[in-house]
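> Read off the chains here:
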Amino acid sequence: MIERLSLQRRSLDRYLVLGLLCLFALAWVTPLAIVALSSMKTPREQSQSGILALPENAAMILENITSASELSGIGNGILSSLIYAFVGSFTAVIVASSAAYSIAMLKIRFPFFWFLIIYSGTVFPFQMYLMPLFQMYQTVGLYDTRFGMLLFYSAIAVPFCIFVFRNYFIGMQGEVIEAASLDGASSFQTYLRIVLPMAKAPALFLFVTQFSWIWNDFLFGQVLAKSDDVRPVMTSLAMLSGTYGKGSIPQQMAGALTASIPTLILFFALQKHFMQGIILNTAGE
Amino acid sequence: MQALFRKIEPYLYLLPALLLVGGLLLYSVAHTLAISFTDWDLITPPRFVGLQNYIDAIRDPTFTRSFSNTLIWTGGSLLLPVGGGLLLAVVLERIPGQRVLKTLIYLPAILSTTVVAAIWSYVYTNNGVLNETLRWVGLDALARPWLVFAPTNTLAMIVAASWRALGPSMVLFLVGLQTIPPELIEAAKIDGAGERLLFWRIKLPLLRPITAIVVIMSVIGSFMTFDLVWVMTQGGPGRSSETLAVTMYRQAFIMWRMGYAGAVAVILSTIVIAFSIFYLRETLKRSAV
Numbered sequence: 423m424i425e426r427l428s429l430q431r432r433s434l435d436r437y438l439v440l441g442l443l444c445l446f447a448l449a450w451v452t453p454l455a456i457v458a459l460s461s462m463k464t465p466r467e468q469s470q471s472g473i474l475a476l477p478e479n480a481a482m483i484l485e486n487i488t489s490a491s492e493l494s495g496i497g498n499g500i501l502s503s504l505i506y507a508f509v510g511s512f513t514a515v516i517v518a519s520s521a522a523y524s525i526a527m528l529k530i531r532f533p534f535f536w537f538l539i540i541y542s543g544t545v546f547p548f549q550m551y552l553m554p555l556f557q558m559y560q561t562v563g564l565y566d567t568r569f570g571m572l573l574f575y576s577a578i579a580v581p582f583c584i585f586v587f588r589n590y591f592i593g594m595q596g597e598v599i600e601a602a603s604l605d606g607a608s609s610f611q612t613y614l615r616i617v618l619p620m621a622k623a624p625a626l627f628l629f630v631t632q633f634s635w636i637w638n639d640f641l642f643g644q645v646l647a648k649s650d651d652v653r654p655v656m657t658s659l660a661m662l663s664g665t666y667g668k669g670s671i672p673q674q675m676a677g678a679l680t681a682s683i684p685t686l687i688l689f690f691a692l693q694k695h696f697m698q699g700i701i702l703n704t705a706g707e
Numbered sequence: 029m030q031a032l033f034r035k036i037e038p039y040l041y042l043l044p045a046l047l048l049v050g051g052l053l054l055y056s057v058a059h060t061l062a063i064s065f066t067d068w069d070l071i072t073p074p075r076f077v078g079l080q081n082y083i084d085a086i087r088d089p090t091f092t093r094s095f096s097n098t099l100i101w102t103g104g105s106l107l108l109p110v111g112g113g114l115l116l117a118v119v120l121e122r123i124p125g126q127r128v129l130k131t132l133i134y135l136p137a138i139l140s141t142t143v144v145a146a147i148w149s150y151v152y153t154n155n156g157v158l159n160e161t162l163r164w165v166g167l168d169a170l171a172r173p174w175l176v177f178a179p180t181n182t183l184a185m186i187v188a189a190s191w192r193a194l195g196p197s198m199v200l201f202l203v204g205l206q207t208i209p210p211e212l213i214e215a216a217k218i219d220g221a222g223e224r225l226l227f228w229r230i231k232l233p234l235l236r237p238i239t240a241i242v243v244i245m246s247v248i249g250s251f252m253t254f255d256l257v258w259v260m261t262q263g264g265p266g267r268s269s270e271t272l273a274v275t276m277y278r279q280a281f282i283m284w285r286m287g288y289a290g291a292v293a294v295i296l297s298t299i300v301i302a303f304s305i306f307y308l309r310e311t312l313k314r315s316a317v
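Residue numbers (the working numbering), protein chains in the order written: chain A, 423 to 707; chain B, 29 to 317.
Take the hints with a grain of salt, since some may be wrong.
To be verified - To give an idea of the chain A side of the interface with chain B (calculated C-beta under 8 Å), a few residues:
{"hint": "1", "residue": "V457"}
{"hint": "2", "residue": "Q549"}
{"hint": "3", "residue": "T665"}
As the list claims (entries may be wrong) - Here are the computed distance ranges between Cβ atoms for each label pair:
{"hint": "4", "chain 1": "A", "residue 1": "M620", "chain 2": "B", "residue 2": "G50", "range": "24 to 30 Å"}
{"hint": "5", "chain 1": "A", "residue 1": "L538", "chain 2": "B", "residue 2": "P124", "range": "43 to 49 Å"}
{"hint": "6", "chain 1": "B", "residue 1": "L232", "chain 2": "A", "residue 2": "A449", "range": "25 to 31 Å"}
{"hint": "7", "chain 1": "B", "residue 1": "K217", "chain 2": "A", "residue 2": "I505", "range": "54 to 60 Å"}
{"hint": "8", "chain 1": "B", "residue 1": "R172", "chain 2": "A", "residue 2": "V451", "range": "24 to 30 Å"}
{"hint": "9", "chain 1": "B", "residue 1": "Q80", "chain 2": "A", "residue 2": "S471", "range": "55 to 61 Å"}
{"hint": "10", "chain 1": "B", "residue 1": "P233", "chain 2": "A", "residue 2": "Y666", "range": "43 to 49 Å"}
{"hint": "11", "chain 1": "B", "residue 1": "Q30", "chain 2": "A", "residue 2": "F532", "range": "22 to 28 Å"}
{"hint": "12", "chain 1": "B", "residue 1": "K217", "chain 2": "A", "residue 2": "V451", "range": "31 to 37 Å"}
{"hint": "13", "chain 1": "B", "residue 1": "A171", "chain 2": "A", "residue 2": "V451", "range": "21 to 27 Å"}
{"hint": "14", "chain 1": "A", "residue 1": "L440", "chain 2": "B", "residue 2": "V187", "range": "22 to 28 Å"}
{"hint": "15", "chain 1": "B", "residue 1": "A240", "chain 2": "A", "residue 2": "L626", "range": "26 to 32 Å"}
Derived from the structure by calculation, the hints contain no laboratory data.
On a predicted model such as this, the values are computed, not experimentally measured, just so you know.
Where a beta carbon is used, it is the ideal one built from N, C-alpha and C, also for glycine.
So here's chain B without its partners, still in its complex pose (with noise of 0.2 Å):
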C-alpha cells in the first residue's frame, strides 16, 4: 500500500494543474475544434456540416475585410511599436537620462487596453483632443470623425496600440543592445565606421536573435487584437472595423452562429499556431538544459 502510494504521490503534484488546464483549456480548444464542424446556435442541437462553415467564411466578404484589417494591423505593428521601438532604442542607448526618459515611455504598458481604449476614445471623438487640437493650431482642414470611415477607423486604432506596445519593444531592444560587447563597436568605430554603417553592419546583425522574438510576437499579438477594436468602434460602423478576433465574437454571442465562429477561430488559431512555434522554438532553446 505504501509503496503503492509512493509511486503515485509524484503525480499528486501535478494534477491540480492537469485538471486546471485540461479542464478549462485544453478541453475547449478540442471542444471549438469540434464546433467549426457543425452548425448550432447553442439551443438546438449541434448538425455536422463537415467543412462548410470554412468554405462560408471563405466566400463572406465581411470575413475577407476582417482578414485584411488584420493584415493591416499587423503590417502596422510591425512599422510603428516595433520600428519605431527599434529606432527609439539606438537612440536612447548613449543618452543621458535614459531611465527617465525609458520609463516615461513604458508607462502606457502599465494600463490595460481597456483604459487605452477609454482614453484614445476620447482623443478620436468629434470634439476631442485630437480634433481640437488640430483646430487650436489652425489645422482646421485635417480635424475629422476618425472612428468612422474605413481604412482610417482602422489605422487610428493601430496608433493607439501602438501608444501601448511601444515601451515594451523598445526595452527588449534595449536590452539586446546591452549584450553586444563594447569592444566590438570600439574597434568598428577605430576602423571609421559611422553611426550608420555600425548600425546595419553590426548592431542590426547581433539584434537579431531579439529582433526574431519582438517580430512574432508582435505578429501574434496582432492576430490576436480584439479588446481594444471591441470598446472603441464594435468593429463598426457597418463592421468595418473588425478583426478576426472580432468577427469570430460578433458570430458567436451578438448572432450566434457558433458553427461559423469556430471555424473563424481555428482560422485565427492556425496562423497564430504556426508563428508560435518559431517562437516557442526559441524560447525552449533557451530554456532547454
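Chain A on its own, in the form it takes in the complex (with noise of 0.2 Å):
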C-alpha cells in the first residue's frame, strides 16, 4: 500500500516537472515568435500594438528588409557572405584534408611537430589578429575586399579542420594504403580517388560547421571590410541593431530573421551534424 502510494506520488511529481518543463521551454523560445511578429509590423504598429499582437499585414516583412537593406546594406552581406561561408568552407576542407593526409599516412619528418604548428591556430583569441591583419591588408591592397575576406576565412578554418581529418585519417591508415599499393597509385592519386572519398562523413560535417561559423561571423567584417559590397551579413545586421543601431525595430527584427534562414536551414536538415557538431568541437571524439 506504501508502495504503490509512493509510485503514485512519483509519477505525480514526473507530470508536474515535465508541466515546468514544456513551460520553461515554451518561455526559452517566445523571443523568437516576438521577432518573427514584430518584423511584420509598421514601426508604429509596433509601438502601438501589443508585443504578441498579430501584425495587420504580414507582407510588411518584404518592406522591411527592402527599407532595412537600403539602410545598411544587408541584401548585399547575404549575397558576400553565402560567397565566403560555401567558398571558405570548401576552400578549408580540401587545404586541411591534404595537410592532414600529408601528416597521418605520408613520409614526412616530424608530423605531430607540423599537426600543433597548424592546430595551435585554434588556440589564440581573435584579438591577437586584429591589428596586424588589419595592417597587413591595408599595405597589400586585400583591405575591403572580397578575395581578402575569402583568404582570412579559409585560413581561420583551416586548424580545427585539421584536427579532425587528422584523426580520421589515423582510423583508417591501414585499409588506404593497402588498396593504393594494390593497384600501385600515385600519392595524388590515392588522395583523390581514395582518400577523399572516404572521408565524406567528416568532410560534410567540417562543411556544415564551418560554413555556419563564417556565416555569422562579425568581429572580422567590422575589421577587415567597410563597404557595402564586401561587408558580410552580420557586420551589416550589426550596423542596423543595439543601442546605437539605425534602424526601426521592425527593420532590426527582418534583418535578424533574414539572417538567420540559411543556418536554420542547415540546422533542421543537418540537426545530426550539428549536435554532433558541439560535442566534437568540445571533446574531439
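Combine both chains into one complex, guided by the hints.
Here you go:
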C-alpha cells in the first residue's frame, strides 16, 4: 500500500516536472516568436499594438527587409556571406584534408610537430589577429575586398579541420595504404580517389560547421571590410541593431530573421551533424 | 631529380595549410606581441617603449573595470549556462518527449551572437519586451533602463548570452549522462540511494571529464566576449560595460593606440591560453593514438 502510494506520488511529481519543463521551453523560444511578429509590423503598429499582437499585414516583412537593406546594405551582405561561407569552408576542407593526409599517411619528418603548428591556430583569442591583419590588408591592398575576406575565412577554418581529419585518417590508415599499393597509385591519386571519397562524413560535418561559423562572423567583417559590397551579413545587421543601431525595431527584427534563415535551414536539415558538432568541438571525439 | 621530388612531394600537401595559417594567423600573433612593446598610432613609425603599455594598462581604471566586468562574465556564465545546463540535463534525462524539449532549448544556439544581440536589445530597450511585460503584470516598479547602469547592463547581457549558450552545455551534459552505466544507477537505487544522493555521489563524479571541458570552454568563451557587448552597448555608456576584448578593440580601432591595445590582447591571450592548456590536454589525450 505504502509502496503504491509512493509510486503514484512519484509519477505525479514526474508530470509536474514535465509541465514545468514545457512552460520553460515555451518561454525560452518566445523571443523567436516576438522577432517573427515584429518583423511583420509597421514601426507605428509595433509601438502601438501589444508585443504578441498579430500583425495587420504579414507582407510588411518584405517592405521592412527592403528598407533595412537600403539602410545597412544587408542584402549585399547576404550575397557576400553566402560566397564567403560556401567558398571559404570548401577551401578549408580541401586544404586541411590534404595537409592531414600528409601528416597522417605520408612519409614526412616530425608529423606531430607540423600538426601542432597548424592546430595552434585554434588557441589564440581573435584579438591577437586584428591589428596585424588590418595593417597587412591595408598595405597589400586586400582590405575591403571579397578576396581578402575569403582568404582570411579559409585560413581561420583550417586548424580545426586539420584536427578532425587527422583523427579520422589515423583511424583508417591501414585500409587505404593496402588498397592504394594494390593498384600502384601515386600519392595524389590515392588522395583524390581513395582518401577524399572515404572522408565524406567528416568533410560534410566540417563543411556545415565552418559554413555556419563564417556566416555568423561579425568581428572580422567589422575590422577587414567597410563597403556595402564586401561587408558580411552580420556586420551589416549590427549596423541596424543595438543601442547605436539606425534601424527601427521592425527593420532590425526583419534583418535578424533573414540573416538567420540559412543556418536555421542547415540545422533542421542536418540536426544530427550539428549536435555531433558541439560534441566534437569540445570533446574531440 | 625524380628522387628529389619523391622526397618533397609529401610536404607539398602541407604547404597551403602552412601558408594560410602561418602567413595570416601565426604571423599576426607574433606581430601583436611585438606591437605591445611599442607606441604606435598606425601613421608614425612605432617607437619601442618596453613594458610601458602593460604598466599603463594595470594603472588604468577603465582597464581594471573592464577586467572585473570580464570576471563577472566568467562567473555569470559558470552559473547560468553551465550550472543551468547541468540541472536541465539531469531533469530532462528521464523525461518522455525529451527530444522536442531538447531541440526547443537548443534552438537559440543556432543563431549568431549578432542576431541574439539584436533580439535582446529589443527585449531590454525602454519600451521593449521586458519592461512592457513587467508593466503588464503590474510590476511597474521593476521596469527600468536595463542597459544604462552598471552592473545591471553587464548582468542583463550575461542573461542574453546564456539564452544562446544553455542548449549546447545541456546537450554535452546529456551525452555525459548517457555514458554512465545504467547498472551502476540501478545498483545504487537498490541500495536505497535517493535522487539527491545519486546526483552528488554518482552522477556528478562520473561526469567530471565532461564538466571539466564545459567549464574550461565557458571560461575561455567569457574571456573572449566581444560581439554581444559591442552590438548591444559598444561597451558603454561611459565604458561601463566593456570587457577585455571590447577594450582592446576600442583602443585599437577607435583610439588608434595600437601598443596599448596589443598589451590588452596579450594579457587576454595569456589567460585564455593558460586555460586552453588544460583543454588541449583533455582533447589531445582523447585523440592521441
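> If a hint holds in the structure, say so; if it does not, say that too.
A quick look at each hint next to the structure:
1. V457: holds (6 Å)
2. Q549: The hint holds - Q549 (chain A) has a Cβ within 8 Å of chain B, the shortest such distance being about 4 Å.
3. T665: holds (5 Å)
4. A:M620 to B:G50: 24 to 30 Å: holds (28 Å)
5. A:L538 to B:P124: 43 to 49 Å: holds (46 Å)
6. B:L232 to A:A449: 25 to 31 Å: holds (27 Å)
7. B:K217 to A:I505: 54 to 60 Å: Because 56 Å falls inside the window, the suggested range holds.
8. B:R172 to A:V451: 24 to 30 Å: For R172 (chain B) and V451 (chain A) the Cβ distance comes to about 25 Å; the hint holds.
9. B:Q80 to A:S471: 55 to 61 Å: holds (57 Å)
10. B:P233 to A:Y666: 43 to 49 Å: holds (48 Å)
11. B:Q30 to A:F532: 22 to 28 Å: The hinted range 22 to 28 Å holds for Q30 (chain B) and F532 (chain A), with Cβ atoms some 24 Å apart.
12. B:K217 to A:V451: 31 to 37 Å: holds (34 Å)
13. B:A171 to A:V451: 21 to 27 Å: Distance hint for A171 (chain B), V451 (chain A) holds at roughly 23 Å.
14. A:L440 to B:V187: 22 to 28 Å: Between L440 (chain A) and V187 (chain B), where Cβ atoms are some 25 Å apart, the hint holds.
15. B:A240 to A:L626: 26 to 32 Å: Holds, at about 29 Å.
The structure agrees with every numbered hint stated previously.
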